[in-house]
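J.: Heads up: the sequence lines are chains Y and S, in that order.
The opening residue of the first sequence carries number 1 in our numbering; numbering runs sequentially from there.
The opening residue of the second sequence carries number 1 in our numbering; numbering runs sequentially from there.
No lab work stands behind these hints, which were simulated from the structure alone.
Beta carbons: idealized from backbone N, C-alpha and C, even for Gly.
It is possible that some hints are incorrect.
Examples of chain Y residues toward chain S, derived with CB under 10 Å [unchecked claim]: (1) 142; (2) 143; (3) 325; (4) 327; (5) 371.
Derived DEER-like restraints, expressed as beta-carbon distance ranges [what the hints assert, rightly or not]: (6) 18/S / 217/Y: 33 to 43 Å; (7) 5/S / 325/Y: 51 to 61 Å; (8) 325/Y / 180/S: 43 to 53 Å; (9) 187/S / 46/Y: 57 to 67 Å; (10) 18/S / 213/Y: 23 to 33 Å; (11) 4/S / 254/Y: 40 to 50 Å.
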Amino acid sequence: MLGGFGLALLSVVAGTIVAGSIDPVAFPDIKLVCKALGESGPECVAGTVKAGVVSTAGIVVAMLVTWSMRRALPSAATADAPHALALPLATASAAILGAAYLVAAIVAPPSLSRVAEISQHAALISIVNLGWPIILQLAAMAPDFRTRLGYLASLVALLCITPYRATVLAAAAFGIVFPALAALLSTARESSGFRMRTWSIWRWMAIAAGAIGVTAVAGAMILYQTAERTSPIFRTTVSAGETASSLALKLAQRIAYPIYQAHFAERLGETQALPSALDELASKLRLTRRENLNQQLYRRIYGPGTVGETTSLYYGEAAARTSLAPFAWVVAAPLLYVLAWVLLARMGVDVGILAGLAIWRGSLGGTFSVLPAFVLQVLIIWLLCRLTALRAPATASNHGR
Amino acid sequence: MGRIVVAGLFAVLFVIQAASLVPAYERSRMRIAEVVYRAPDPLLASALDAMEMRAILERVMRAHNVRRADTPANISVSVDALTVEFGLFDGDVRGIAADFGQQVGAASLNKLSSGVYAVLCGSAAQRLSFGGCTCSPANAPGGPATSNSASLPESARFGIARLSESRLPWLRPVDVLAMLIYVAAIFVWRRGDRQHATGSVASRQAGVE
């Protein structure tokens, strides 16, 4: 949960700082946003920084509210999942999806465009996007290393199918880094100061090394790919042989772009009717073929015929869809997931990872783009936990005999 | 028994992952083709200067292990004392095009305006079947010069992105990581099966005592 808030805060703070310190004209994608709005560079930057500051303040307030109700929050997993059933199920699902992807890659005509390829396998990728957080949640509930490793194997099988690098980043963060940080804090709290025993120090160092190693590998992979993905930013740098600067420019655009997109959503929402929350839910549940908000915003930026989705943040979602002040929605939206987490924990179901992921993903794409998947994932975890609860009395009675 | 099934499922995952590397490799080759087909967009060229164009095309050639001697039609262009030969690039286009059963005219490099290049289709007004790239008469070799557009269109942006992506290794780190985890999982679960059996016997004995 804290990890979800942390990532959300990190992305808006970094985005706001970068957005306020760059010249939009030097960044092709950002330039397109400002051009589509008909705004000059300074005007575009000012609107974007406002969106970033409000988003940052809203998430900080949401974090403070969550902190203030910490006594009511669940401290640990309250129920076990039936791992004897869930693990084979997860592994078999991963094998089936992997096989389906392999068959599709061999049989279907190869797409030359990455975007076309994603569209071609859209259904499969959607199922993967729905499934991997469930496996991550089950891994967090695993009682031992062996079971956790089993879930991890199923998880990476799904990560290999999805083309989105953010998925790998999220899995590394929520599956390894955040649990490692929690273990570090726990170890430090248990044996602090001079009383820290040797084994505690070694354990602490091993966990820290593991977390740093995973972060470094995942970060290096993403940095390498970003460096290799040439963009028009290349134009300004390669002739001078400044590859490193080129990477820095790409990263700057990557970090700042969501805030510009939120500003774009706000400005567009002032004058035009954009897809409603109901449209978004229907689109996510495949009940309609109409565009959702982020798809429409993308098309407005890049022109007709283009396929993609923007990341309009909680801020852009609020500005485009509601009459609320965006700040109110930026505070309220993540708290919906906190509330769901607390209520479910009281029912004996731990969905901390799912809620944390939803807060982070929602902070990029908006609440309603994440909500349907969150509800389905929670339902599946709840069903699995109910199965355990149903099986427990039978086991107890067997022991009784 | 359940543990054997789970270990078997990990083995299945390993096999699937290994098999998926074959189409991934093929796909990486095809992406190079896409780059070539998208590159003819003169608007793409307008976003690049000569040095960039050369650097990118050389990357493609290296990635595709192209040898200069194979060229069917060497093309040399000299602008601002910078000479670039793209003959094998052309040959590569033809080779890949044949794989897809596509017919394309000879690619050529044309100077559109000072310091700005475009790779163009040989025949005028030919529409390529990839990405809706059109070679209009105005852009054909020898045709009238096209002004360098200040704005950057989506087609150009997209073309460059695909071009660079062809350089990405087809064997992704996540593939390697996955296969290592599968092996570890198979090992741990198989070993766990034995330990579980031993543990069960010990528990039963303890219970009897």
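J.: Looking back at the numbered hints, which does the structure fail to meet, lowest number first?
T.: Violated hints (numbers, rising): 1, 2, 3, 4, 5 and 6; every other hint is consistent with the structure.
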